[in-house]
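These protein sequences, in sequence, are chains A and B.
Here the UniProt record's numbering is used: the first residue of the first sequence is 1, the next is one more, and so on.
Here the UniProt record's numbering is used: the first residue of the second sequence is 1, the next is one more, and so on.
Any given hint could turn out to be false.
[Claimed, not checked] Think about it this way: if two alpha-carbon atoms lie no more than 27 Å apart in a straight line, the pair counts; the simulated DSSO-like pairs of lysine-lysine are:
#1 Lys245/B / Lys188/B
#2 Lys5/A / Lys245/B
#3 Lys54/B / Lys270/B
#4 Lys167/B / Lys54/B
#5 Lys270/B / Lys2/A
#6 Lys245/B / Lys167/B
#7 Lys188/B / Lys270/B
#8 Lys223/B / Lys270/B
#9 Lys167/B / Lys3/B
#10 Lys223/B / Lys182/B
#11 Lys270/B / Lys182/B
#12 Lys9/A / Lys223/B
#13 Lys223/B / Lys10/A
#14 Lys3/B / Lys2/A
#15 Lys188/B / Lys223/B
Just so you know, the hints here were simulated from the structure itself, not pulled from any lab data.
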Amino acid sequence: MKIEKDVAKKLVRDGVISLFLYALPVALMFLWFYIKGERPWKEQKQATELTVNK
Amino acid sequence: MLKYVEALFQHINGWGLPVLLLIVGCIEFLFGLYNRKADRNEFILDLLSFAIPKILFRPILAYFSLQLLPVLLPGLQGSLSWVPFFWGAVIIAVADDLTQYWNHRLHHQVPVLWRFHRTHHSAPYMGVAVYFRNNLIHVLLFSQVYLVVTLVYLGLGYPALFVAGMKSIIVAAAHSSIPWDKPFYRIKWLHPVAWVMERFISTPATHHAHHAVTSDDGVGYYKGNFGNMFFIWDIIFGTGLITRKYPSAYGISHYERDEWYAQFLWPVLKSRVRDSELSANGPVVRMDDEE
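Kindly generate the complete structure, drawing on both the sequences and the hints.
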């Protein structure tokens, strides 16, 4: 039994939309950091380096 | 008493949730909310679906996170631990629930996958027991839990715990035969809340519609309403039907009570019911009796 053509088309279309939906919270998070001027990934890296050098 | 309730919610991601849902299941059973359609065969299947994955998943997930992930993603353990809790929760909620939406939708719309998901739909009743009722191979192979465990490995542990707790409660409540959403439709000043709620999360009304025997009465809609925690995916992709009524019958129209072992372990074990989708020479998808 094969998948219907119309269904397959919608699956592909919605799959592409989903890629944007997956990326949306990550993009919004970085937009938030940009607005607030925060760089938490750098702070963590510095903290890790300080701990290693102690 | 309050001490026990507090402990239950403190351990919601461990023993708390199973105990809470067991209590809800007992309440549903005592109030006759299983429509008296749950016979011995269904009971054994529901019980195994509840217990066995809990035993099997622990060593599998331990192996996946402690042995496999360090090999697949070397040096990346904890690399996302700088992500603030709020954003971590949003990222995980979307990643987990959108993946489960797709997992669910594909099992309905791709014929070859349907039989793995059929066990979840064969119950002629609704209740928290149905939330757990699944084919074991389906649970082990197609779970989005592996994605969440990967995100935990990358450093999103606390947000993952929070989202897992929230999601379990919402999805279990959507399967429950306790119609907790009815007051939102009946009481006028709650209507705006109902409008937002039924578009945002799965409610008993919309999720019961997904488990209905028919999609032709304007209430049932097993051809859609694939959302688990969030219903918003169904709104975005046009696969949803918002209803405030409950279906008159649940399950699969051609269900002839396949043996519990076949439903739990297909394709390893097959059904003896003739023409069943789970039988040795059965159809991949059997058309509805009414069609």
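**Asked** Taking 27 Å as the top limit, are the C-alpha atoms of Lys9/A and Lys223/B close enough?
**Response** holds, 16 Å
**Message:** Against the 27 Å threshold, does the CA-CA distance of Lys3/B and Lys2/A hold or violate the hint?
**Reply:** Cα-Cα ~56 Å, so violated.
**Item:** Restraint status (C-alpha distance of Lys188/B to Lys223/B at most 27 Å)
**Value:** violated, 30 Å
**Prompt:** CA of Lys5/A to CA of Lys245/B, is that 27 Å or under?
**Reply:** Judged against 27 Å, a Cα distance of about 32 Å means the pair is violated.
**Message:** Hinted pair, alpha-carbon criterion (27 Å max): Lys167/B, Lys54/B. Please report holds or violated.
**Reply:** Holds - the C-alpha atoms of Lys54/B and Lys167/B are around 17 Å apart, at most 27 Å.
**Prompt:** Are the Cα atoms of Lys223/B and Lys270/B separated by 27 Å or less?
**Reply:** Answer holds: Lys223/B to Lys270/B is near 26 Å, not above 27 Å.
**Item:** Straight-line alpha-carbon gap Lys245/B to Lys188/B, limit 27 Å
**Value:** holds, 16 Å
**Message:** Please verify whether Lys188/B and Lys270/B have alpha carbons no more than 27 Å apart.
**Reply:** Violated: Lys188/B and Lys270/B sit about 51 Å apart, past 27 Å.
**Item:** Given hint Lys167/B paired with Lys245/B - CA-CA distance at most 27 Å
**Value:** holds, 23 Å
**Asked** Are the Cα atoms of Lys223/B and Lys182/B separated by 27 Å or less?
**Response** holds, 23 Å
**Item:** Hint consistency between Lys54/B and Lys270/B [alpha-carbon to alpha-carbon, up to 27 Å]
**Value:** Holds. Lys54/B to Lys270/B sits at ~24 Å (cutoff 27 Å).
**Asked** Between Lys270/B and Lys182/B, does the CA-CA distance stay at or below 27 Å?
**Response** violated, 40 Å
Violation of the numbered hints given earlier is confined to hints 2, 7, 11, 14 and 15; the remaining hints are satisfied by the structure.
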